[in-house]
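S.K.: If you're matching them up, the sequences are chains A and B in order. According to my numbering, the residues represented by the first sequence are 1211 to 1315, in order. According to my numbering, the residues represented by the second sequence are 52 to 416, in order.
Quick caveat, the hints were computed from the structure, so don't treat them as lab data. Don't take each hint at face value.
Coverage of chain B stretches by chain A, computed from C-beta distances (three or more under 8 Å per stretch; other residues unrestricted) [as the list claims (entries may be wrong)]: (1) 109-115; (2) 140-152; (3) 215-227; (4) 363-376.
A quick note: this is a predicted structure, and the numbers were derived from the prediction, not measured. Where a beta carbon is used, it is the ideal one built from N, C-alpha and C, also for glycine.
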Amino acid sequence: MKECYVARSRSVAARELGEEMVIMSAADSTLFNLNPVATMIWKAADGRTPLTRIVEEKICPEFDVELGEALQDAEQFVKELAGHGILLLADFPIVETNAGSDKKP
Amino acid sequence: MSLMEQVNRRALALGVPLSVHLDVTYRCNERCEHCYLEHDGKDELTTEEIRSFLRQFAEAGTFFLTISGGEPLLRRDCFEIIEYARELKFNLKLKTNAVLVREKEARRMREAGVEQVQVSVYSHKAEIHDVITKLPGSLKRTLEGIRLMRAAGLKVTLANVLMRSNAGDYAGVQELAAETGAHYTLDPTITPMLNGDSSILGMRAPSEELRTVFRDERLVGDVGEFCAPPASIDDDVREGIPCSAGHTSCYVSPLGEVYPCVQFPLVCGNLRRQSFAEIWAESVELRIVRGIRAKHLSTCSSCAHLGTCTRCPGLAFMEGNMRGPSSADCEKSFVRTGVVTAGMMAMDGFSVRGTGRMELVQIQM
Chain A
1211 MKECYVARSR
1221 SVAARELGEE
1231 MVIMSAADST
1241 LFNLNPVATM
1251 IWKAADGRTP
1261 LTRIVEEKIC
1271 PEFDVELGEA
1281 LQDAEQFVKE
1291 LAGHGILLLA
1301 DFPIVETNAG
1311 SDKKP
Chain B
52 MSLMEQVNRR
62 ALALGVPLSV
72 HLDVTYRCNE
82 RCEHCYLEHD
92 GKDELTTEEI
102 RSFLRQFAEA
112 GTFFLTISGG
122 EPLLRRDCFE
132 IIEYARELKF
142 NLKLKTNAVL
152 VREKEARRMR
162 EAGVEQVQVS
172 VYSHKAEIHD
182 VITKLPGSLK
192 RTLEGIRLMR
202 AAGLKVTLAN
212 VLMRSNAGDY
222 AGVQELAAET
232 GAHYTLDPTI
242 TPMLNGDSSI
252 LGMRAPSEEL
262 RTVFRDERLV
272 GDVGEFCAPP
282 ASIDDDVREG
292 IPCSAGHTSC
302 YVSPLGEVYP
312 CVQFPLVCGN
322 LRRQSFAEIW
332 AESVELRIVR
342 GIRAKHLSTC
352 SSCAHLGTCT
362 RCPGLAFMEG
372 NMRGPSSADC
382 EKSFVRTGVV
392 TAGMMAMDGF
402 SVRGTGRMEL
412 VQIQM
């Protein structure tokens, strides 16, 4: 199975509200609200860390879930967000200019 | 409950200033006859101050940022501010008259990720719009700017302030919006000037025009529902907050002053002297505003319209009592439903002409 890399799109607005992330796509003004698990994946989506490692190192210990089950959910989640253009998805590390880390205030 | 309502509710529970309206200048290239501002650029915030304040808003959890003025594009650093705000991941709305928007500016807004642009258009006729803005040729330039922004892929809203001088023109502005692929919003609110001068209130659209607008299904959707008499009031309404001002939103002036809202000129602190977090958490004025529930309103708490009125606490404040009624909103509630408001009955010299539900009201002020 190929590795999957995810990166946050720079074209979105995003803010953490409590433990959840509010995101709006500038392209079509769709509003998203990520639950704490999805928020953790979003924050770790730096384009360099494989999704498997994000799930294994961040999600499984924090939420006490099996790797296989968590990875399946995570893959579905990242595909859905990629479909809306707010996450970038590739089977190689992502270094393009439209992706990257959130600027820290 | 919509997702937006859920987000607003969570922000309220967490005490987060979800929305900030930042005027980056009071300078303007138009001189609109109904404007509530004095166009003075004295002591305007510097670029570095604004960058610092934007970081503080982001740290406090602000998601929706409106950059406005005056005319924000008069600032040479306007795009630097816009681009920095987007780096900080704000959902960014820009309010401009679009007179200075050419292809380059439109493209830069789009590339920065401005989510929407709001442009005031008063009439589809230059002889009306340009007289209101006191800038000859302004409608032509504004429409050119709107078309360029649309061509660049920006979401644009035409904001149509309804007043006496343009009362018959809203349908024409709606057509302009449709023609340019823009959204349309109509606002019949004229506010006193921030310096307290209320002479511009004479420009408010007359009641008969409001009545026409409130019964236009292209504007309000289901007229029967929109104009229905107010529903009964329950404890949820009585325990409710009047609006988001000071609870999940606030206004920051080009001098760094923090207010609950752009229409609520109660100074709660100044970002040049205190941090945003400190003002948001500790301002005595904000605490007072936040303590007000519908049941505490001096006249409105006994009004049949309590649950449906668009009462603006800022307008009430400018009339002398932030817990009191706002006469403009009393008028709107009455014209919309035909049911007299408690605020109207409490006014000296109040009278309703005629006997029907939809007759005009005269208010002596």
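S.K.: It remains to establish, for every hint, whether it holds in the given structure.
M.R.: We went through each hint and held it up to the structure:
1. Residue count for the region 109-115 of chain B with a Cβ under 8 Å from a Cβ of chain A: 5. That meets the three needed, and the coverage hint holds.
2. Counting residues of the region 140-152 of chain B whose beta-carbon sits less than 8 Å from any beta-carbon of chain A gives 4, enough to reach three: the coverage restraint holds.
3. Coverage of a stretch by a chain is defined here by at least three residues with a beta carbon nearer than 8 Å to that chain's beta carbons; for the region 215-227 of chain B and chain A the count is 0, and the condition is violated.
4. For the region 363-376 of chain B, the stated coverage by chain A is violated: 0 residues have a C-beta nearer than 8 Å to a C-beta of that chain, whereas at least 3 were required.
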